[in-house]
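There are 2 protein chains.
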Amino acid sequence: MKEITGGVCAAQGFRAAGIHVGVKTHNVNKKDLALIVSDVDCAAAAVFTTNVVKAAPIHVTKAHLTDGKARAVIANSGNANACAPQGEENAQRMCAAAAAAIGCKAEDVLVCSTGVIGQTIKINVIEEGVPKLYPLLERSEAASDAAAHAIMTTDTVKKEAAVETTVGGKTVRMGGIAKGSGMIHPNMGTMLCFLTTDCAISPEMIHEALLETAKVSFNRISVDGDTSTNDTCLVLANGLAGNAEITEKNDDYYAFLDALKTLCVKLARMMAKDGEGAKHLITCTVTGARDEAQAETIAKSVISSTLTKAAIFGCDANWGRVLCAMGYSGEQFDPEKVDVAFASSVGTISVCEKGRGLDFDEDLAKKILTEDEVTIAITMGEGSGSCTCWGCDITYDYIKINGDYRT
Amino acid sequence: MKEITGGVCAAQGFRAAGIHVGVKTHNVNKKDLALIVSDVDCAAAAVFTTNVVKAAPIHVTKAHLTDGKARAVIANSGNANACAPQGEENAQRMCAAAAAAIGCKAEDVLVCSTGVIGQTIKINVIEEGVPKLYPLLERSEAASDAAAHAIMTTDTVKKEAAVETTVGGKTVRMGGIAKGSGMIHPNMGTMLCFLTTDCAISPEMIHEALLETAKVSFNRISVDGDTSTNDTCLVLANGLAGNAEITEKNDDYYAFLDALKTLCVKLARMMAKDGEGAKHLITCTVTGARDEAQAETIAKSVISSTLTKAAIFGCDANWGRVLCAMGYSGEQFDPEKVDVAFASSVGTISVCEKGRGLDFDEDLAKKILTEDEVTIAITMGEGSGSCTCWGCDITYDYIKINGDYRT
Numbered sequence: 000m001k002e003i004t005g006g007v008c009a010a011q012g013f014r015a016a017g018i019h020v021g022v023k024t025h026n027v028n029k030k031d032l033a034l035i036v037s038d039v040d041c042a043a044a045a046v047f048t049t050n051v052v053k054a055a056p057i058h059v060t061k062a063h064l065t066d067g068k069a070r071a072v073i074a075n076s077g078n079a080n081a082c083a084p085q086g087e088e089n090a091q092r093m094c095a096a097a098a099a100a101i102g103c104k105a106e107d108v109l110v111c112s113t114g115v116i117g118q119t120i121k122i123n124v125i126e127e128g129v130p131k132l133y134p135l136l137e138r139s140e141a142a143s144d145a146a147a148h149a150i151m152t153t154d155t156v157k158k159e160a161a162v163e164t165t166v167g168g169k170t171v172r173m174g175g176i177a178k179g180s181g182m183i184h185p186n187m188g189t190m191l192c193f194l195t196t197d198c199a200i201s202p203e204m205i206h207e208a209l210l211e212t213a214k215v216s217f218n219r220i221s222v223d224g225d226t227s228t229n230d231t232c233l234v235l236a237n238g239l240a241g242n243a244e245i246t247e248k249n250d251d252y253y254a255f256l257d258a259l260k261t262l263c264v265k266l267a268r269m270m271a272k273d274g275e276g277a278k279h280l281i282t283c284t285v286t287g288a289r290d291e292a293q294a295e296t297i298a299k300s301v302i303s304s305t306l307t308k309a310a311i312f313g314c315d316a317n318w319g320r321v322l323c324a325m326g327y328s329g330e331q332f333d334p335e336k337v338d339v340a341f342a343s344s345v346g347t348i349s350v351c352e353k354g355r356g357l358d359f360d361e362d363l364a365k366k367i368l369t370e371d372e373v374t375i376a377i378t379m380g381e382g383s384g385s386c387t388c389w390g391c392d393i394t395y396d397y398i399k400i401n402g403d404y405r406t
Numbered sequence: 000m001k002e003i004t005g006g007v008c009a010a011q012g013f014r015a016a017g018i019h020v021g022v023k024t025h026n027v028n029k030k031d032l033a034l035i036v037s038d039v040d041c042a043a044a045a046v047f048t049t050n051v052v053k054a055a056p057i058h059v060t061k062a063h064l065t066d067g068k069a070r071a072v073i074a075n076s077g078n079a080n081a082c083a084p085q086g087e088e089n090a091q092r093m094c095a096a097a098a099a100a101i102g103c104k105a106e107d108v109l110v111c112s113t114g115v116i117g118q119t120i121k122i123n124v125i126e127e128g129v130p131k132l133y134p135l136l137e138r139s140e141a142a143s144d145a146a147a148h149a150i151m152t153t154d155t156v157k158k159e160a161a162v163e164t165t166v167g168g169k170t171v172r173m174g175g176i177a178k179g180s181g182m183i184h185p186n187m188g189t190m191l192c193f194l195t196t197d198c199a200i201s202p203e204m205i206h207e208a209l210l211e212t213a214k215v216s217f218n219r220i221s222v223d224g225d226t227s228t229n230d231t232c233l234v235l236a237n238g239l240a241g242n243a244e245i246t247e248k249n250d251d252y253y254a255f256l257d258a259l260k261t262l263c264v265k266l267a268r269m270m271a272k273d274g275e276g277a278k279h280l281i282t283c284t285v286t287g288a289r290d291e292a293q294a295e296t297i298a299k300s301v302i303s304s305t306l307t308k309a310a311i312f313g314c315d316a317n318w319g320r321v322l323c324a325m326g327y328s329g330e331q332f333d334p335e336k337v338d339v340a341f342a343s344s345v346g347t348i349s350v351c352e353k354g355r356g357l358d359f360d361e362d363l364a365k366k367i368l369t370e371d372e373v374t375i376a377i378t379m380g381e382g383s384g385s386c387t388c389w390g391c392d393i394t395y396d397y398i399k400i401n402g403d404y405r406t
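Chains as they are written, first to last, in numbering that gives the first Met the number 0: chain A, 0 to 406; chain B, 0 to 406.
So that you can see chain A by itself, here it is in the shape it has in the complex:
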């Protein structure tokens, strides 16, 4: 397996484009409509937000996926089309507009929206935009880049990645674009992620692979604990790599799954790192837990703790807050077996052993925590379960971005 370029266009037979059509009214330089199209029909699958309040595009995309097939994805930023008048009707109209341009059925188009909740989406500017967007479709790095930009909201950097692997003796490529930032939480939080692959795989197996992958990637990140009405992760597989179609959990499946996990962990980390206003990517590793489930609950509690996030923002080795967050995670454990260390590329420093504070070098700790990417390493002495989760610090900019997002 190796990293490659090309994002959502890395795999054979996928073209993309992204432009500004006017859903975002503040800045005409901000792209707001993306289209991704496969040359041929794809096996397709998706995972969605667990929020009870679901945006209209989610209902439409779900319906369009009942046959496990799709050709294209249309997505806009600037308006979430959630709790908004004519929501489903407008989501359907987005699919119809894309289908008319592509020459496929509206049922083969999937749709996503992200942005402000509760306002009617400007369906006219989208319908007028699609005929301008369609001719720009191409399979190139620039095209993936344009699509990645068109789904950004408060994201400060585009999220894009791709990998190449071998499945059944054939070279298989897969890539994706994503948007994240605020509201990211375990179980999907205003994130969109569009994955494409030329692997031949059945709808059942691609769905299974996506579920398994989401569990260890997107569901292990948190920005602010809010989960959104629109989160969606889609995957399209068009089979152009020419491998024997994967229809069961054989070696080919696991080779594919392995690459998909690598790709999605990369994208998930990018989302956590670009959490709204974030200055630090925080990785929390828990080892020595009773089992993986306990390790995951505890790691998530630590990366979700507002006080821990504020301490990391301040480069303050306040490990008491780490223990505290472990303690209210809901898991039972013996605090007197817990060790905590902080680490980054500068080095590692132990700060707590068997639940008691160590005398440590505060200057070194500060230096370690000043790096962009820091790790909170917890060992529990309870068993052999382990888990890694990703989050980010909370900063003045988070408050600024979210204090006046809507107006």
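Honestly, the hints are just simulated from the structure, not real lab data. There could be a bad hint or two in this list.
Unchecked claim - Within a straight-line C-alpha distance of at most 30 Å, the following computed DSS-like cross-link-like pairs (lysine-lysine) qualify:
{"#": "1", "chain 1": "A", "residue 1": "Lys336", "chain 2": "B", "residue 2": "Lys61"}
{"#": "2", "chain 1": "A", "residue 1": "Lys278", "chain 2": "B", "residue 2": "Lys278"}
{"#": "3", "chain 1": "B", "residue 1": "Lys353", "chain 2": "A", "residue 2": "Lys121"}
{"#": "4", "chain 1": "A", "residue 1": "Lys399", "chain 2": "B", "residue 2": "Lys399"}
What the hints assert, rightly or not - Some chain A residues well away from chain B (every beta-carbon gap over 10 Å; in silico):
{"#": "5", "residue": "Ile18"}
{"#": "6", "residue": "Val39"}
{"#": "7", "residue": "Asp40"}
{"#": "8", "residue": "Ile116"}
{"#": "9", "residue": "Gln118"}
{"#": "10", "residue": "Thr170"}
{"#": "11", "residue": "Glu244"}
{"#": "12", "residue": "Glu247"}
{"#": "13", "residue": "Val264"}
{"#": "14", "residue": "Gly326"}
{"#": "15", "residue": "Ser344"}
{"#": "16", "residue": "Val345"}
{"#": "17", "residue": "Thr347"}
Here the structure is a predicted model, which is why all the values come from computation and not from measurement. From the three backbone atoms N, C-alpha and C, an ideal C-beta is built for every residue, glycine too.
Let chain A serve as the given structure and place chain B on it in line with the hints.
Positioned in the frame of chain A, the structure of chain B alone reads:
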């Protein structure tokens, strides 16, 4: 029932004092040791943090309450005595020092600490401080004020309240001091609350009344979702009001309970309003829920939503975040029956009806949300359950306070 002054000294037979002894090293003007003493033995009860990681004073106070009796409370700020070397030994020594001054058994003294986790508490300065503190004990407003200040950490205002009511034909007084600020969450979060009353009530009944009261007051506030290792709410009842002792759930019990709830809701609201860096007290009322439990889960989810808190900081009527927070609360409900309004002393504005956004006057909404105390009013159309919870907004100052608390 009526509000009175005097705080923790409002009830007959209670004296208090608070001074600086040196646990807080940064500023000699900041009081850090408090003592509250009853002239006679009291029925006593407490509720504690649900955090698995519990500070040493909690273990000691629990042990000292096994007989349901107490005479005094000693408390310090500046160091939490949690995850710290010699924790229980030092908590015991705090009780012993107070007992020696008072002339009672160490087992009749309750102890609390709040502050930094993981550092050895300066037991010497406390032991040397008690003989200076004891002679200052008096029953006065100033004494309650001094004790209230001595338990503050990042609190910006002291929390103190008292009420007077009639129980069994006798005038009964009760009052309290509290500290809160960060880490406040349903189920106790770095809050300390010391309540005193001259009501005659059995240890069993005072414990029951405290549990019932905490559920609808302290457990319905949230600042940042972190719960601490030290949270404790204590009540001492010395019987000097001369009423017939309450030993069962009769009319006297309910008169007492009513006053206790009023007192504790007042203190809880003060804590929420003084959340670290907070500019707004947010009250969330949920009506029309299936039952009270559903109403409470949903109200807590809304006041705990970082995105909603940031919107209120920005005086932004972003009701989509309210619906979103309801949606990920874990409760099932029909979003298309939900109405949302914002209110304050300026007026009320409906922003969402039956799950859809209304065209509303943005200027009026801004004016309403600019007030110190704002209400998010949710009606659900599911049944007759209702609940009120309190929280605060998240601000630049929250990040500032918590980014460098320890050093």
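Now for the hints, and whether the structure bears them out:
no., hint, in the structure
1, Lys336/A / Lys61/B, "holds, 23 Å"
2, Lys278/A / Lys278/B, "holds, 25 Å"
3, Lys353/B / Lys121/A, "holds, 21 Å"
4, Lys399/A / Lys399/B, "holds, 13 Å"
5, Ile18, "holds, 26 Å"
6, Val39, "holds, 37 Å"
7, Asp40, "holds, 34 Å"
8, Ile116, "violated, 3 Å"
9, Gln118, "violated, 6 Å"
10, Thr170, "holds, 41 Å"
11, Glu244, "holds, 37 Å"
12, Glu247, "holds, 35 Å"
13, Val264, "holds, 24 Å"
14, Gly326, "violated, 3 Å"
15, Ser344, "holds, 22 Å"
16, Val345, "holds, 18 Å"
17, Thr347, "holds, 18 Å"
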